[in-house]
Every structure is written in C-alpha cells, then in structure tokens.
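2 protein chains.
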Amino acid sequence: MQHRWLPLALLCLSLPAADLRSTVESYVAARQGPIVAELAALLAIPNVAADRVNIRRNAEHLKGMLERRGLAAQILETAGNPLVWGERKTPGARRTVLFYIHYDGQPVDPSRWRQASPFQPLLRDGRMEDGAHEVDLAGRAKFDDNWRIYARSASDDKSPAVAFCTALDALAAAGRQPGINIRVILDGEEEAGSPSLTAAIERYRPKLEADVALILDGPLHPSGRPTLTFGARGSLALELTVYGPKFALHSGHYGNWAPNPALRLAQLLASMKDEHGRVLIEGFYDGVDPLKPEDRRILEAVPDDLPGLQKLFGIARPDAVGESLQEALQFPSLNIRGFRSGYTGGDARTIIPSEAIAAVDVRLVKETPSGPMLEKVLAHIRRQGYQIVDGEPDDAARLKHPKIVRLSRRDATEAYRTEMDLPQSVLVTEALRRIWGAEPVRLRTSGGTVPLSPFIRAMGFPAIGVPTVNFDNNQHSENENLRLGHFFRAIVTMAALLAME
Amino acid sequence: MQHRWLPLALLCLSLPAADLRSTVESYVAARQGPIVAELAALLAIPNVAADRVNIRRNAEHLKGMLERRGLAAQILETAGNPLVWGERKTPGARRTVLFYIHYDGQPVDPSRWRQASPFQPLLRDGRMEDGAHEVDLAGRAKFDDNWRIYARSASDDKSPAVAFCTALDALAAAGRQPGINIRVILDGEEEAGSPSLTAAIERYRPKLEADVALILDGPLHPSGRPTLTFGARGSLALELTVYGPKFALHSGHYGNWAPNPALRLAQLLASMKDEHGRVLIEGFYDGVDPLKPEDRRILEAVPDDLPGLQKLFGIARPDAVGESLQEALQFPSLNIRGFRSGYTGGDARTIIPSEAIAAVDVRLVKETPSGPMLEKVLAHIRRQGYQIVDGEPDDAARLKHPKIVRLSRRDATEAYRTEMDLPQSVLVTEALRRIWGAEPVRLRTSGGTVPLSPFIRAMGFPAIGVPTVNFDNNQHSENENLRLGHFFRAIVTMAALLAME
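If you read the sequences in order, they're chains A and B.
Here my numbering runs 4 ahead of the position in the first sequence, where the first position is 1.
Here my numbering runs 4 ahead of the position in the second sequence, where the first position is 1.
With the rest of the complex left out, here is chain A (with noise of 0.2 Å):
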C-alpha cells in the first residue's frame, strides 16, 4: 500500500502547512496496518514501573524504534528505571527540541479489565461504555476513527512514542527533512514519579539540553481541539491524624467527656475552607499574579462546555474560587483526598474512635511553592490550638496537650509555568495553528501536577505539554484505550512539531 503514495508524497516537499497535513494524513491512511501493528507490538510489552525485567524490554524495543527513524539513539542507566535517549541532528537547523514521552505504565489490576490481559491489546469499534463489540485486530489495513485500542498505555504514554516516530517515518516518506535538532528521552518511572530522571540530570545534562522541551502526554481538551498547556499546578500531599482517648471507648459510657478525634479534625477540615471552597488559612493566595487581560483572553478563550460538566458530574453550583473552571485553575487550591475514623455502614460500633486521618492535597501554582505553602498550613493548624507532632505522641504529650494532630506525611512536587508570549511558547502555538486551521486550546496552566515539574524546573528552559490522545481514556484506571482517530491526528501534529523551524 506504502507505494501507491510515495509519488503524492514526493511532490510535498516544502509545501505549506496545510499541505504537510495532507501529505501525513494520506501517508497514514495508506498505511493504518503497520502503524497500529506497531502500537500494538509496543502494548504488548507489560511495562508497569516496578516490573523491572519488562521495563528493560520496553527500552530496548524503543531504542530500536528510534534507531530505526535515523535516531542515534542509547539506554541511559540510572539508580531506577533506565532512559531511552535518541538524537538526530538536523543540517542547519536553528533550534534543538527535547521531546518527552515516557514507556512505564499504571499498575494494573488485570480483573478489573473487560479483556484477557491489560498486555494483550484489544480492538473494540467505539467505547466499551457505549456497547462497542469487539473487532479482529491482527492483520487489519483499515481501521475506524472511532475504533478504539484497549490496554494499559495505550494513551498513557506509548501511543505518543509510535505517532513521534511515524510523523518521522511520513516526513521521509515526503522525502522532507525536520526543521529542528531532535532530541527524545522516554522516562521509565514516570508513573512512580520519575525519581531518577531529575536525578540523572547531572550525569546526562549534556543530552538533555535544548531550547524547547515538549511533554507528548496527556489527553486533548475534553473538546477535541488541538491543545497545548503552558503549566501544570504542583502538589502539596500531607496527612494528618487527630487523636482522642488512646484506644476506641464506648460512646455510651463516655460519650460528652472524651473528646472524638472525628469532630475534632471534621472542625479543623472545616476551618480551612468555607461554604464556597475558598481557603481560608492566613495568605493561601498571597502571591497569585492577578490574570493579566491577556491571559484572561486565553482563559475564556478555552472552550470548557460547563454546563456540560456539571451534567455530566452532577453539580448543582461549582466552587467560586474562579468565574470559570480556567480560572479556579490558577489559584492553588486544597482539596480532602480522603478521611477516614471508626466504622461506618455495616461494621458501624458504639465508639468514640481513637483517631482520625484526613489525606489532604494542596494543589500549588507557580507563584506559591512548596515550603511556605506548607508553613502557612501548620500556622493555621496551630492557630486551632493543636499541637504539630511528627510520630505517634506517647503519654505525656497526650496528657499535656488537649489537640494534638500528626504530620505524617508531606510530600511536595513544586508548580511550572512557561509563558505563553515566549519565543518558543509562539512557536509551537503557530505550528499547531498553521497545521490545524484553527486556535489550539492553550491551557494557562493545568490543573494536575505532573512529575516532570522537578525536571523542568531542574533544566531551566521553558517546556510546554503537547497532548494527543482522547479525554475519555479511562487514564490511570483499568480500560485504559486510545481512540484511533485521535492516534492518527497525533501523527499529523508530530509532523507539525518535527517540521518547525
């Protein structure tokens, strides 16, 4: 099939954008078979972080995918997860771009998933919620945009690496160079937090090093535009447990005279935040850059259907920390991940608990990092009239302090924000808007936090998030797929990318 193009192809050479669109959508179309049989091969490979025997056979199989695009391309060993590095230098190219991807996967709890295995991938002709039926995968040329592959990784985050190196394979087959250096490095613990990628930043810097570095993960605006995100926020994770008598009293015996650690933290909890999900601990917003007209344009110009999502959620009235979800979104927030004391439901006894834990996430922009996020949380704590330990409190300091709350945990992934007026932002923006027609959605900053925050942070040039796949990939959960339309669309803005100049 690939030869019944190559002629159409051959006439692209330095064609407009709109012409490289066409050129790389008819190269995949002519060649759907081999390129989803290549994401299928990948899938194939189990790639879970802590798996470390499969995890160097996704390394391997990458590294020979590069080295087949032209890529010079090496295992980089760390104290984790080995790196995947490629290059290919581009004959009087001005700028170097590093592409991120990363090859690990989510765990899987493979009886959750409606197939044999989160490893065997699976062809279904819609989504599985919807009452799609299975289709025959292996051996097929044609393939339905609204068909979707099922497994772990398929959108988090192989799919990026195929469609990378089939935009290379389609600018050859148009007989059309990059415009930029080409640099990729794919991350093996990105899932467990990428420990050793910011780690193995001295040893590999040299490698690393670009002007623009773009991150292939992620899912498109729930729209389904184009979309490039400019930040991402940080986190804040603490734990904290509130304690009462030493061990559960009966409620009826005690009840009015031992103090319950559930009403005490369920005060605290309440403390932090009112009726409207504003915080209320003492300079939470201080620093936040007011939204410059500018960004405010951009905020709105996110084509968040909200209506849409309150439907789909089920929420009566949003939170008003932002007029917009855009807006909430670039202010830190804090959030109750989960509680928990005594018994509820069936298992419900006559106690008054011992203790009670309250798994909190501070959500952080770029303006409030980690450290005096932190301080301004336990000022507040304190101000309830607790006392701030870090172990189990042992007998005196029980009898001595009437509140006491444990810090048992406080983990800490710091905010970024690339602006998007920076030469490299206006780049990539134009790139995507030249190829597609249209605006992209430009996310000021996401909400989530992604591990490569340190990373970014640690190499100083300014990185933006290209994602490709669909919004409703079941990331992170079991069913995890990847619609093909959005795969393919993935290949033409990779295209876009390499073509940059």
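Be aware that a few hints might be false.
A pair counts as met if it fits within one copy or between any two copies, since identical chains are not told apart.
To be verified - Listed below are the simulated DSBU-like cross-link pairs for lysine-lysine, each with C-alpha atoms no more than 35 Å apart in a straight line: (1) K380 <-> K296; (2) K380 <-> K67; (3) K404 <-> K250; (4) K296 <-> K315; (5) K250 <-> K67; (6) K380 <-> K250; (7) K67 <-> K404; (8) K93 <-> K67; (9) K146 <-> K67; (10) K404 <-> K211; (11) K315 <-> K250; (12) K404 <-> K315; (13) K211 <-> K380; (14) K146 <-> K380; (15) K404 <-> K93; (16) K315 <-> K211; (17) K380 <-> K93.
Keep in mind the hints are simulated off the structure, nothing from the lab.
Fit chain B to the known structure of chain A by using the hints.
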C-alpha cells in the same frame, strides 16, 4: 463439706443482714468447687444468638437449673430464641420481683482468644494481660478471689444466673425462705438487641408482671463497690452520606471547582458541636431536667477516678458538657462513630471523592425521646442548606440541590430512668446497703444503651440494674473473663435481693 456448715446456717434464720452476709459467704467458701463447676458447665455450652441448636441446649440447661431450685420453669417460645421463665412464690410475700438475665453471648472469633475455645472455660491465676498463668480447673475445690475464668459469657451474662441459683441454695441451706415472690426471665437474644423479648410481652405479660425488675447484667463501677443502675441512655444511630461529583474526579483538574463532599461533611459535622463538645443543634438539650440537689449529691457520690481515667485514656482535657463524667451522662450526647471518604494512607489518591459518609450516634436521656430528637437533628442539617433524601439522589436532584445528604439509617432505642426515690428503688438500695454495710454506688443514668429499654418501657414497672462482675472483663471482646472474687460476692448480693421483703 456442706454438712459441716449446716448447723451454723440454721442459726441464721431471721438474723440481720450482716449475719446473712456471713452465712452466705461461709456457704460459698465451703462449696467453691461445685459452684464454679456449675458455672463452668454452663459456659461450656456455646451461646452465640445465631446458633439455634446450642441456644436451645442453654435454655434447657437453665430450665433444669431453675427447677433444681424449686422454681416452676418453662421454655417460652418466641419468634426467635426461646425465653426461659421461672417462678417461685413465697408464702406471705408482699412483693414480686422479676429477675432478668440473658444467656446468649456476643459472637466470637476463636482465633483471637488465647485458649482452645471461648467455650472451653480456662482458669488463670490473675489477669491474662498481667501475665497470669493457667491453673487447672477440673476437680478444684478452692479458688483465690483474684483468679479468673476465661470464657465467652463468663461475665456477660451467665455468671449472674449461677450466682442467682447459688444464692437460693445458700438461703435453703440456711433454712431461710426468700422474702419475695420470685420471677425469672432469661433472654436468649440480648446481644442481638432482644427483639423477641419485647415482642413476646403481649403473649406472656401475666408471667412477667412484677413490682420491680432487677436486671442482673453488667459490670460493677470501676471502684469495685456494689453498684445499682437506675437508668440508661437511649441511642439514635444515624448514617449520613454527603454527595460530591457523581464519580471521583481528579483533584488537580477539578480542585477549586468541583465541590468536595468530605469537606462538606466536615463542615456539617463541625456545625453540630462546639470546641468543648457541647452540641449546637437547636433544642438538643431542651427538656432535660435540671439536676435536683439530691441527684447531684448522688452523682457526686459516685467514686469515679477522673484523673485516673484521663491518664488511662490519654485525655488532657475532657469535653465540657457536665462538670464531671456522671453529670455529662445525664445529658444527651452526639458522637461521630466513624466517617470515611476517598482514601488515606498508602491508598490515598489525588481525587475529589464522590461521597462522604458519617455514622453518628445520639445518646438519648429519658427527657429526649428519639422522634423529636431526630427532627431537631434534621432541622439543623436543613438549616445548613441541605436537602435530605432517603435514597441515592438521581441526576435531577443532583443538579437541583447544591447540598444533598442522604439519611440511610435511623435506628432508635429509647432511654429509661427509674427514679431513685421510688419505694422499690429505696428497697433495693437498702438491701445492698445493709448487706455490704456501705453505700452502694448509684448510677442515675448509665451512659450506654441497653436493648432492654423497650421491654422496661413496655412493661411499665420500674427496673433497676444490679451489676456484679468485674469492670475489666473484656466484655464483648475476645478473652472475656470473670474475676472469681466478684462472682462470690455476687452470690451474697443476690441473697440480699432474695431476702428483701
């Protein structure tokens, strides 16, 4: 051994209380072997309420025990486990006393017991927790007061049945008639809430009528002094579910926008009580009688070791509902038995949970019946802006009401209280005061809730609790035990009650 004491016992006819005490004590001292053996034989019959076959074996066994003491005994069938009833009239007696005991026990998890089986009684020469050693039980004639029998229901509530029967033996051995008409009712479902007993009242009421019911159950006051309980708090158990988004959302992508149900629930619970544990729900304490000086004197006379309890429990500052534990128990209380939402600890995930659940119990006093109390709690919840629903809210409800709480459980047991100045109360108090030569601890309201409350309220005559076992008996838990000194003293107390006129 018995014969040796008979001549002495015969001298005791109509002797004053001090002599009755020494008579019974001597009887018990001389016959410890067979008395403990009778207890051990009863404990060897498994008595979990759901074990119908063994429950009936218990009932038949107890019927035989009563018959051997000259009671006309019957098995009274109910919809559930049988009741064992007995009666023995005393010529010339002016009063009829109904003795209540239960013969079922809490469920057991044998793996958590430090003995072959909870139904193979084991003798130890002290408290297991203090390193006591096993002592051979079979064939033993003498026992130290500090020794303990470990077995399910050793304390709760089989030993009172044996003590009661032995007290009749001791009176008989002394040639002495009881001073009252005796009625006994043995409940086989107390640990399951006594559903069949209350339901059986209409069928068996004439057999149950009495001037006073004495409830032979529960532990002595921790001081170890003879104790009488004149009431118990009721309980209103509620389960509340507060709703957030229909499914858990990513706290990064939607934090600051999607309301968090754990925070909402924390705010709701926090609104119910102040910093000092006082309930803020409007009208919560309405109707509770101010304590009369006499009541206050009695409460003050309870020898609670509050500093000792604070130390034991690790409580720096008790809640401030009353000026003491006893005073606090005269008021209704509101307790969070448990709550949960999302995940904590190693399972914590960066989500906005979809719901948050709290199990709450309101302890009731006589003046605060459950119906109006529930209405007050619900009115408070509504004042916080909540729509209260009975089932899972549908999409329309979620989109209509910003704050929804589901009330999924509302189990109520009413409180009861027998006034301490009633003739029956005075009679029982006097009986204990005379036999022990000291003021009994009088608990105006026991903090806990007894399933017997509906029975007491339905029968309409006063009820008084006469607990006898050791406080540290591991009741309701594994390794339940009975201190034998308490058991031997229980026999004396029972004799005093039987001797009342």
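Cross-check of the supplied hints:
1. K380 <-> K296: within (26 Å within a copy, 50 Å between copies)
2. K380 <-> K67: Neither: 46 Å inside a chain and 69 Å across chains, both beyond 35 Å.
3. K404 <-> K250: within (14 Å within a copy, 43 Å between copies)
4. K296 <-> K315: within (31 Å within a copy, 58 Å between copies)
5. K250 <-> K67: For K250 and K67, the Cα distance exceeds 35 Å both inside one copy (56 Å) and across copies (43 Å).
6. K380 <-> K250: both (29 Å within a copy, 32 Å between copies)
7. K67 <-> K404: neither (61 Å within a copy, 54 Å between copies)
8. K93 <-> K67: For K93 and K67, the Cα distance is within 35 Å only inside one copy (17 Å; across copies 97 Å).
9. K146 <-> K67: The answer is within: 27 Å in one copy meets 35 Å, while 83 Å across copies does not.
10. K404 <-> K211: Classified as neither: same-chain Cα gap 57 Å, cross-chain 56 Å, threshold 35 Å.
11. K315 <-> K250: Result: close only across copies, 10 Å inter versus 45 Å intra.
12. K404 <-> K315: Close across copies (11 Å), not inside one copy (50 Å); limit 35 Å.
13. K211 <-> K380: neither (39 Å within a copy, 69 Å between copies)
14. K146 <-> K380: Neither, since 57 Å and 66 Å both go past 35 Å.
15. K404 <-> K93: Classified as neither: same-chain Cα gap 67 Å, cross-chain 59 Å, threshold 35 Å.
16. K315 <-> K211: Answer is neither: 48 Å inside a copy and 63 Å across each miss the 35 Å cutoff.
17. K380 <-> K93: neither (48 Å within a copy, 75 Å between copies)
Of the numbered hints stated above, those contradicted by the structure are hints 2, 5, 7, 10, 13, 14, 15, 16 and 17, listed in ascending order.
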